[in-house]
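Sequences listed follow chains P and C, in order. The first sequence finishes on residue 249 if you use the numbering used here, and the numbering steps up by one all the way, no holes. The second sequence finishes on residue 1091 if you use the numbering used here, and the numbering steps up by one all the way, no holes.
Hints are computed from structural coordinates only; laboratory data are not their basis. For every residue, glycine included, the Cβ atom is placed at its ideal position computed from N, Cα and C. Treat the hints with care, as some may be off.
[Stated by the list, open to error] Covered stretches of chain C (chain P as the covering partner; in silico rule of three or more C-beta atoms under 8 angstroms from a C-beta of chain P): (1) 1010-1024; (2) 1041-1050.
[To be verified] Partial list, computed: chain C residues near chain P (C-beta under 8 angstroms): (3) Thr1003; (4) Glu1007; (5) Thr1033; (6) Ala1035.
[Claimed, not checked] Take a look, some chain C residues computed to stay more than 10 angstroms from chain P by CB distance: (7) Gln1004; (8) Met1027; (9) Arg1058; (10) Val1065.
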Amino acid sequence: MTSHGPLKWQFGTLAEVVQETPRVSSLHLDVPDWQGHLAGQHVDVRLTADDGYQAERSYSIASAPDDPRLALTVERLDDGEVSPYLVGELRVGDRLELRGPIGGFFVWRGDVDTPLLVIGGGSGVVPLMAMLRHRANIKSTVPARLLFSSRTQADIIYRDELSRLGAAGDGLTVFHTLTRERPAGWTGYTRRVDETMLKEVAWPKQDSPAVFICGPTPFVEAASQLLVGMGYEPRSIKTERFGATGGTA
Amino acid sequence: MKTQIEEARLDGNAIGGLLREIFAVEMTAAMGTCASCGAVNEVGRVQVYVHAPGTVVRCPDCEQVLMRIVRGRGRYWVDMTGVRCLEFSDA
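Hey, can you work out the whole structure from these sequences and the hints?
Written out as structure tokens, the structure reads:
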């Protein structure tokens, strides 16, 4: 997977757009000579203006390594430089310049028997979704739990697919929490992630789960500190921060 | 109270692409030793600030500067005074 030398910029062609929520879309790309990737990795995307000005951003890969196309799930940030173009202007058939795959720390290979605990805030669910899709594709039955924090019900990315994956009976349980809404009939949590919630969702520390947390920086740091407070070994927790604006949690 | 700078903090995953421009291999799983406190952390765990001119990398344990990387006008400036050692796979 890892090769020597710098990563080359290459072009993918947008083959399909799937709108996940009002602000979030998945871009399915055909990338010739794509070298393959691991669940959890990202790509850098580069836009070049007519005057040569370039803007670069990182986007997590949403597709599993074994999926036919490379998928990026992008949240449109209204004050963003790149995402309003990706979600709104880019059309099927357009080319997009990217390089990757990038990353070797925040990856889940699916080759261990330890339980998998993934915690996502907003678009932080994207690399975790690659892990869960990979887990389903390889028919892994390692126990897995997703705790997914969204603002409102309408903001839940991959909602239908997550309920399908959670109902497959292969050991995955999906927990949702909403931070800005209490819809009628909602059976999930309706508050920010806290210790009581994590004690209900997470395995006891002696089960030594692999833990991946991704989302806005304050979300990631709060969740990881809560787990450490519960006795989790800090080294068992892998985190990826999207910064202040990178999510909807 | 958390400052805007703290909330915008990223981690070493965010500079995986930049480090691949400078080093020959994937670096977010590399182990770095802080020259200040001696803590050993994967690059994926370090604190990264990209809102300064250039990129500032800090130790997650003692918050001292590990690396500063500036790219511009076709050149790189890489200050690694704060890193005593980097260990990484050759694969």
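Quick rundown of the hints versus the structure:
Coverage of the stretch 1010-1024 of chain C by chain P holds in this model, with 10 residues showing a Cβ closer than 8 angstroms to a Cβ of that chain against a need of three. Only when three residues or more bring their CB closer than 8 angstroms to a CB of chain P does the claim for the stretch 1041-1050 of chain C stand; here the count is 4, and the claim holds. Annotation: C:Thr1003 was flagged as interfacial toward chain P, and the flag is violated, the nearest CB pair being 10 angstroms apart, outside 8 angstroms. At its closest, the beta carbon of C:Glu1007 sits 4 angstroms from a beta carbon of chain P; the interface hint therefore holds under the 8 angstroms criterion.
A cut of 8 angstroms between beta carbons decides the hint on C:Thr1033: the least distance to chain P is about 15 angstroms, and the hint is violated. Taking 8 angstroms as the C-beta cut-off, the interface hint given for C:Ala1035 is violated, the closest approach to chain P being about 21 angstroms. Remark: the non-interface label on C:Gln1004 conflicts with the geometry, its nearest Cβ contact in chain P lying 7 angstroms away (cut-off 10 angstroms). Interface exclusion of C:Met1027 from chain P breaks down, the closest Cβ pair being 8 angstroms apart, not more than 10 angstroms.
For C:Arg1058, the non-interface assignment is confirmed: its Cβ lies about 13 angstroms from the closest Cβ of chain P, beyond the 10 angstroms cut-off. At roughly 18 angstroms from the closest C-beta of chain P, the C-beta of C:Val1065 stays outside 10 angstroms, upholding its exclusion from the interface.
Hint check: violations occur at hints 3, 5, 6, 7 and 8; the rest are consistent with the structure.
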